[in-house]
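Going line by line, the protein sequences match chains A and B.
Each number in the numbering used here comes from the position in the first sequence (counting from 1) with 85 added on.
Each number in the numbering used here comes from the position in the second sequence (counting from 1) with 111 added on.
Heads up, some of the hints might be wrong.
[Stated by the list, open to error] Facing chain A, a subset of chain B residues (Cβ under 8 Å, in silico): (1) 128; (2) 182; (3) 228; (4) 229; (5) 235; (6) 237; (7) 265; (8) 267; (9) 271; (10) 272; (11) 275.
Keep in mind that the hints were calculated from the coordinates and are not lab data.
The beta carbon of each residue, even a glycine, is placed where N, CA and C say it ideally should be.
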Amino acid sequence: MKTLEDLKKIREQTLQAMKVREGEHNCKVVVAMGTCGIASGAREVMAAILDELEKNSVTDVTVTQSGCKGLCDREPTVDVIKSGEAPITYGFVTPEKARTIVTGHIINGQIQGEWVVATQE
Amino acid sequence: MREISLHILDIVQNSIAAGATRVVIGAEADNNRDLLHIYIKDNGRGMSPEMIEKVRSPFCTTRTTRKVGLGIPMLVAASEMCEGGVQIRSEPGKGTEIEATFRLSHIDRMPFGDIISTIISLVAANPELDIRYEQTVNGELFCLDMADVRRELGDVPIQSPPVLGWLKDYLNEGIGQIGTIP
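All chains should be modelled from the sequences, with the hints used to inform the complete structure.
Laid out in structure tokens, this is it:
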């Protein structure tokens with residue numbers, strides 16, 4: 086049975102783990118969650134990203150959500166914003182593609198070119 | 112939308128866009144009254160009476176990228192299809208409350224769906240937002256308030272993977288005890 090008490094233990098363990106990992110990837114991931122994004126599967130994409138980050142023990146990547154940004158026909162979209170690099174927007178993202186974006190781009194730095202739908206300079 | 116839980120995710124996005132710091136999400140299923148009642152209350156910037164009238168129309172939106180907004184109109188359509196409806200109460204500067212009702216057994220009612228996934232997405236993407244989830248099934252209540260979780264965590268981020276893992280298990284167990292909504 087899970088209780089709020091468990092959080093105390095998680096707190097100690099996580100604080101130790103955070104110290105080791107801090108600043109390694111320095112990256113922000115934004116999942117568009119307007120009506121268009123949600124209707125095309127953004128929630129499942131978000132779940133896949135969170136799960137893949139956890140599997141790879143990545144704790145220093147911020148995952149957040151935004152509203153619609155006008156790319157409704159290419160949803161679900163995911164922005165990967167690495168510090169010092171131009172933001173990359175992936176489109177038509179599926180949970181499977183999302184996992185590849187995490188391991189390929191976020192962790193190993195390889196932009197998944199064929200899925201990119203927009204870049205900003 | 113294929114699930115009511117996806118509608119909830121969508122409506123809460125409006126709360127976030129309205130600058131809310133606290134959102135109460137509730138779902139109440141009652142077999143005796145044959146009713147499914149969903150409510151989302153926020154402390155965002157609220158809407159004027161004129162705006163409340165307009166948001167049911169797909170041609171009303173606050174965003175600037177397109178001229179249509181489908182979130183509320185689709186929820187209205189989904190509930191009216193099931194002998195229910197949507198009520199919106201809002202006051203500028205105070206917040207907004209949206210309620211949707213469905214006849215629980217209606218053949219056209221979409222499944223309630225994966226509410227846990229909806230909550231985890233919201234918590235992970237909005238760690239500063241105080242989300243409270245309440246689910247009542249035939250009078251039995253389960254609730255979880257992120258303000259309580261955050262208090263226990265102290266300086267550990269709520270969106271860190273072990274916390275999200277705990278959250279998923281806690282919600283699963285708690286909701287399992289009072290009963291999932293089909």
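Return the numbers of the hints above that this structure violates; sort them in rising order.
When the structure is compared with the hints, none of them turns out to be violated.
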